[in-house]
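Trainee: Start from the sequences and build out the full structure, keeping to the hints where you can.
Top line first, the protein sequences correspond to chains A and B.
The first sequence begins at 1 in the numbering used here and counts up one residue at a time.
The second sequence begins at 1001 in the numbering used here and counts up one residue at a time.
Since the hints were derived computationally from the structure, they do not count as laboratory data.
Just so it is clear, CB atoms sit at the ideal spot from N, CA and C, and this is done for glycine as well.
The reader is advised that the hints may include incorrect statements.
Derived lysine-lysine pairs resembling DSS-like cross-links, with alpha carbons at most 25 Å apart [to be verified]:
(1) B:K1154 - A:K90
(2) B:K1040 - A:K58
(3) B:K1187 - B:K1168
(4) A:K54 - B:K1063
(5) A:K126 - A:K58
(6) A:K129 - A:K54
(7) A:K58 - B:K1058
(8) A:K136 - B:K1055
(9) A:K58 - B:K1055
(10) A:K54 - B:K1007
(11) A:K126 - A:K91
Which chain A residues stay away from chain B? Per the calculated CB distances, all over 10 Å, these [claimed, not checked]:
(12) R4
(13) F5
(14) S31
(15) P33
(16) D48
(17) I50
(18) M53
(19) G97
(20) S109
(21) E114
(22) L115
(23) R118
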Amino acid sequence: MANRFEPVIAAFCCHYCSYTAADMAGSMRLSYPPNVHIIRVPCSGKVDAIHIMKAFEKGADGVYVAGCLEGDCHFKNGNVRAGRRVEYVKKLLDEIGIGGERLEMITMSAGMGELFARTASDFTEKIRKEGPNPVKSLPGAAVRSAAG
Amino acid sequence: MITAERKPMEEIMGYVEPCQRILLVGCNECVTVCAAGGRKEVGLLSSALQMAFMKSGKVLQVKELTLERQCDPEYVEELVREIDGVDAVLSMACGCGVQEIARRFRDKPVFPAVNTSFMGASERQGVWAERCQGCGNCVLGLTGGICPIARCSKRLLNGPCGGSTGGKCEISPDVDCAWHLIWERMKALGMEKSYEQVMPARDWRTSRDGGPRKIVREDLAL
Chain A
1 MANRFEPVIA AFCCHYCSYT AADMAGSMRL SYPPNVHIIR VPCSGKVDAI HIMKAFEKGA
61 DGVYVAGCLE GDCHFKNGNV RAGRRVEYVK KLLDEIGIGG ERLEMITMSA GMGELFARTA
121 SDFTEKIRKE GPNPVKSLPG AAVRSAAG
Chain B
1001 MITAERKPME EIMGYVEPCQ RILLVGCNEC VTVCAAGGRK EVGLLSSALQ MAFMKSGKVL
1061 QVKELTLERQ CDPEYVEELV REIDGVDAVL SMACGCGVQE IARRFRDKPV FPAVNTSFMG
1121 ASERQGVWAE RCQGCGNCVL GLTGGICPIA RCSKRLLNGP CGGSTGGKCE ISPDVDCAWH
1181 LIWERMKALG MEKSYEQVMP ARDWRTSRDG GPRKIVREDL AL
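Mentor: If you want it as structure tokens, here you go:
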């Protein structure tokens, strides 16, 4: 177990739903893996393709975008837009051999603390099975991160 | 605007595969509007290329730059400061931009990262449709502002063919029959009479049939 791969997961979480759901998970004393690094965004629609690509470039093994349930977006349809962008980036990741399965769009409401914790655990396990992001273990990656 | 779409990654990677350092150049004009080759797409392609090559253990250095217009020599001149030391230029502009860089920097290979598609308009967010073929002899004044050259599959000049059904073209139910649109528009404008005006055979020399075209304006010469 000493060498167990611990994936780095970047989770772009909407302020109005999944970020609050993470809070809820905390209040409910539900634990979820520390592998998940939450990035709070004002709306999942704020997450652009380049943000996701940069996360992978800088060494994330998996990324998910968590937005509101369909029809519940605070900004009307930011979550739907985010979903379409995620699909676009998944295809691009497949094209360059990183693998689109390392990226997911997830929806939940602010009250779904339990779902937040379960999603974080399930996604972490899924990426653990996928293995490390093929980019980050390479010499070039070290040079790039050293260069900032 | 001139519309374009990014080429498949495999083709782009094939171009730059022998290179260690490339200059990736976007354009702030049409390809920015159709989200194919502006600053944002330059960042995305740069990231994708670097990751794709890193996967095979290769570090590809990518310098990113987006010019105001890649089809104008004065803007392309800005590359003088950036081009030294790169093995090739990868352009995300339309074919005009790619060729302008190739003309200015004769000792540097220039590769296209997008397929230039057509001159079109935005139908809605994320959808562009062909509207003009640059035939050099505009008939929009006679056709209610709807172009039969660009929008009729057969480029007919005098009404629809037998393949027009329910306002759609026979090539696809997704394609409007241009002449149906023209007739509806003329009816709405009360211009049915001009529909009866027969258009004579066209002189296509103003279009591509006359060879590569050029506009010379002596009054603007410096």
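Trainee: Each of the hints needs a verdict: does it hold here or not?
Mentor: Hint check:
Taken as a hint, the B:K1154 and A:K90 pair is broken in the structure, with Cα atoms around 38 Å apart against an allowance of 25 Å. This hinted pair checks out: B:K1040 and A:K58 have alpha carbons roughly 18 Å apart, not beyond 25 Å. At roughly 18 Å between alpha-carbon atoms, B:K1187 and B:K1168 fall within 25 Å of each other, so this suggested pair holds. This hinted pair checks out: A:K54 and B:K1063 have alpha carbons roughly 16 Å apart, not beyond 25 Å.
With a C-alpha separation of about 20 Å, the suggested pair A:K126 and A:K58 falls inside the 25 Å cut-off, and the hint holds. With a CA separation close to 22 Å, the supplied pair A:K129 and A:K54 stays within the 25 Å bound. Straight-line distance between C-alpha atoms of A:K58 and B:K1058 comes to about 16 Å, which keeps the hinted pair within the 25 Å bound. A hinted pair counts as satisfied when its Cα atoms are at most 25 Å apart, and A:K136 with B:K1055 qualifies at roughly 8 Å.
Distance check on the hinted pair: A:K58 and B:K1055 sit about 13 Å apart at the alpha-carbon level, within 25 Å; holds. At roughly 21 Å between alpha-carbon atoms, A:K54 and B:K1007 fall within 25 Å of each other, so this suggested pair holds. With a C-alpha separation of about 19 Å, the suggested pairing of A:K126 with A:K91 holds against the 25 Å cut-off. The claim that A:R4 is not at the interface with chain B holds, since no C-beta of that chain comes within 10 Å of its own (minimum 23 Å).
Remark: the non-interface label on A:F5 is consistent with the geometry, its nearest Cβ contact in chain B lying 18 Å away (cut-off 10 Å). Under the 10 Å C-beta cut-off, the non-interface status given to A:S31 relative to chain B holds; the minimum distance is some 32 Å. Consistency note on A:P33: stated as away from chain B, and its beta-carbon is indeed over 10 Å from all of that chain's, at 25 Å minimum. A cut-off of 10 Å between C-beta atoms contradicts the statement that A:D48 is not in contact with chain B; the least separation is 8 Å.
Here A:I50 does not stay apart from chain B, with its beta-carbon only about 5 Å from theirs, under the 10 Å limit. A beta-carbon of chain B comes within 10 Å of the beta-carbon of A:M53; the shortest separation is about 4 Å. Remark: the non-interface label on A:G97 conflicts with the geometry, its nearest Cβ contact in chain B lying 5 Å away (cut-off 10 Å). Interface exclusion of A:S109 from chain B stands, the closest Cβ pair being 27 Å apart, more than 10 Å.
Every C-beta of chain B lies more than 10 Å from that of A:E114, the closest at about 35 Å, which supports listing it as non-interface. Remark: the non-interface label on A:L115 is consistent with the geometry, its nearest Cβ contact in chain B lying 31 Å away (cut-off 10 Å). With a least beta-carbon separation of about 30 Å from chain B, A:R118 lies farther than 10 Å from that chain, consistent with its non-interface assignment.
Violated hints, in rising order: 1, 16, 17, 18, 19; the structure is consistent with all others.
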